[in-house]
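J.: Chain residues, written in single-letter form:
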Amino acid sequence: MIRTVSALLVAVVLLLLTGIAHGDHPVTIGDLVSVLIRSAGANPQIEMIVLDLRMPRVLFALLVGAALAVAGAIAQAVMRNPLAEPGILGINAGAALAAMILIVAFDTAPITLLPWAGFAGASAMVATIYILSWRNGTTSLRIILIGIGLSALAGAATTSLTVFGEIRDVQRAMIWLAGSVYHANWSGVQVLALWLVAPLLLAFMSARELDLIRFGDSAAQSLGQRVNLARALMILLCTLLSGAAVAAAGLISFVGLVAPHMARRLVGPSHAKLIPASALIGAALVMAADLVGRTIIAPAQLPAGLVTALIGAPFFAYLLWGRRHVAA
Amino acid sequence: MNGSKGLVAEDVSLAYGRTVVVEDLDLAVPAQAFTALIGPNGSGKSTILRTLAGLLVPKKGSILLDGSPISRLSAKETARRIGVLSQGPLAPEGLTVLDLVRQGRYPHRSLFGRWSVEDDAACEAALTLTGMGELADRPLDSLSGGQRQRAWIAMTLAQETSILLLDEPTTFLDLAHQIEVMDLIADLVATRGKTVVAVLHDLNQAARYADHMVMLKDGTIAAVGRPETVMTAATIQTVFGVAAVIMADPVAGTPMCVPIGSSDRAKGRGCQY
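Chains A and B, in that order, are what the protein sequence lines are. Each residue of the first sequence is one higher than the one before, starting from 22 at the first, in the working numbering. Each residue of the second sequence is one higher than the one before, starting from 1022 at the first, in the working numbering.
Hints are computed from structural coordinates only; laboratory data are not their basis. A few of these clues could be false.
Stated by the list, open to error - Facing chain A, according to a computed beta carbon distance under 10 Å, are these residues of chain B, among others:
hint, residue
1, 1101
2, 1110
3, 1173
To be verified - Quick list of simulated restraints, FRET-style, between CB atoms:
hint, chain 1, residue 1, chain 2, residue 2, range
4, A, 249, B, 1204, 37 to 47 Å
5, B, 1154, A, 249, 34 to 44 Å
6, A, 169, B, 1258, 48 to 58 Å
7, A, 30, B, 1037, 50 to 60 Å
8, A, 341, B, 1195, 25 to 35 Å
For clarity, every value in this text was computed on a predicted model and none was experimentally measured. C-beta atoms are modelled at their ideal positions from N, C-alpha and C, and glycine is treated no differently.
If we strip away everything but chain A, and leave its shape as in the complex, we get (with noise of 0.2 Å):
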């Protein structure tokens, strides 16, 4: 374990680094190594490219990419369902409605209140969600089969705002949908830091009651859970993970299906381990995810979103066929 996470760790650093040297002008160690400690002697146009560009962008890659890894462990737990993600519970669906009516109905608005209206709509569709599947408490199946459902809905919603709105505006939303982190600055990485501690650490302390959460409702019950309670509240902690690294980057697809999944693999099926190990992944997948995006066809970049997307269907494809055999 403790090697498995250090191994984690190093290939985070990596990565980040990694991320801080490549670029349309490279970067060498050396420069790098004296930008770090802020040498005198640092040559202040590589200064600016490391400290105001590269360095806010790998580490804003690499909090969306945690956030995103632990919202999937917990909504895996809290589902019961090895192919849940985050989105079952609308939160990409919500976001995206959100940000489409901001920018359809009111052009005027500025482009700073997007992320805003990203969570709030993401946060609104979880909340309607978890309402409509309640009765008498509520089952994993509900809240999966109305989140379906919901989503589909409000995918319809937002495809038929992009009718009506400017098609400028339109575009401008579809880039934000798309999910990436071109555009990350210091004040950004420091708010989505700021927002994320408390909900991460809640997660990983939460680690025995999303263990028991799995077992199923009457397990659970019968162990002393509060099943009700414990599902309510880390479906709040999924939802301000999530509904934070959507608002921050958009719709990043697949790392909270894929990462604690890779997880899981490599440090076994227990949160106090898994929760860790995700977020490292996480991080490791959108910061890779970014790096190839703006290095596979540069000058011109993909958005990391899409380059998720692109290694997460194979990915979705093979657990598919790895489970084919597990009865349903």
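We have chain A; now place chain B onto it with these hints.
T.: Leaving out everything else, chain B in the frame of chain A:
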């Protein structure tokens, strides 16, 4: 409040939605004995078991644990005193036997309390008692049905409760594993002083192993008492609607039920009964 010991159902009625499943049930579970709940499908056995565990809230009446209503206890407090094994439980993929058994310690741990020596000892004891010690590190998916069932029983034992409620612990097991699980239960009662209530399907196994039988029909108690008094041709006829011969089990001497079907009648068999 009569201050009686153990687990008691007082004037309990239960309903799913508007369908009343159990009406005016009074049932005292004998302490440190093995009680078998018997009855046809849909007679309310599992429902009553879940209610005794405090998992279902009765529409009327109450469940008393050592004289006080179970509804006043917290979920964890209840779980420290009553262990429940549901019917056909499912574990998440990739879990080992030990991972499962450790879950039994949940009600004993405070919110952020660390894993303790007592927790380890309880898991160890539960594994030894069920003979699962050597399989502790094996994934559950790789075990046979009987081993998996013993692993689940080990988990409820790790809870260290004096009362165990088991819902069909032998269903879907082959004969050897059924006997294995029944022996384990009888041993828990005889040597550990546990109070066990189990929903069982096999009448003869129930009569052989249980100290006390509760025969249910349509949510009411049709017969209750020692196997010899409960297992009569008359009760089998009223409860299951099947004619039967009751004879002594050649091994244990307990009552054994031999049913007579219409094909037997057609062949002229069993007419003397």
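J.: Determine for every hint whether it applies to the structure shown.
T.: Each hint, compared with the structure:
1. 1101: Holds, about 7 Å.
2. 1110: holds (6 Å)
3. 1173: holds (9 Å)
4. A/249 <-> B/1204: 37 to 47 Å: Given a distance of about 38 Å, which is inside 37 to 47 Å, the answer is holds.
5. B/1154 <-> A/249: 34 to 44 Å: Given a distance of about 36 Å, which is inside 34 to 44 Å, the answer is holds.
6. A/169 <-> B/1258: 48 to 58 Å: holds (51 Å)
7. A/30 <-> B/1037: 50 to 60 Å: holds (52 Å)
8. A/341 <-> B/1195: 25 to 35 Å: holds (33 Å)
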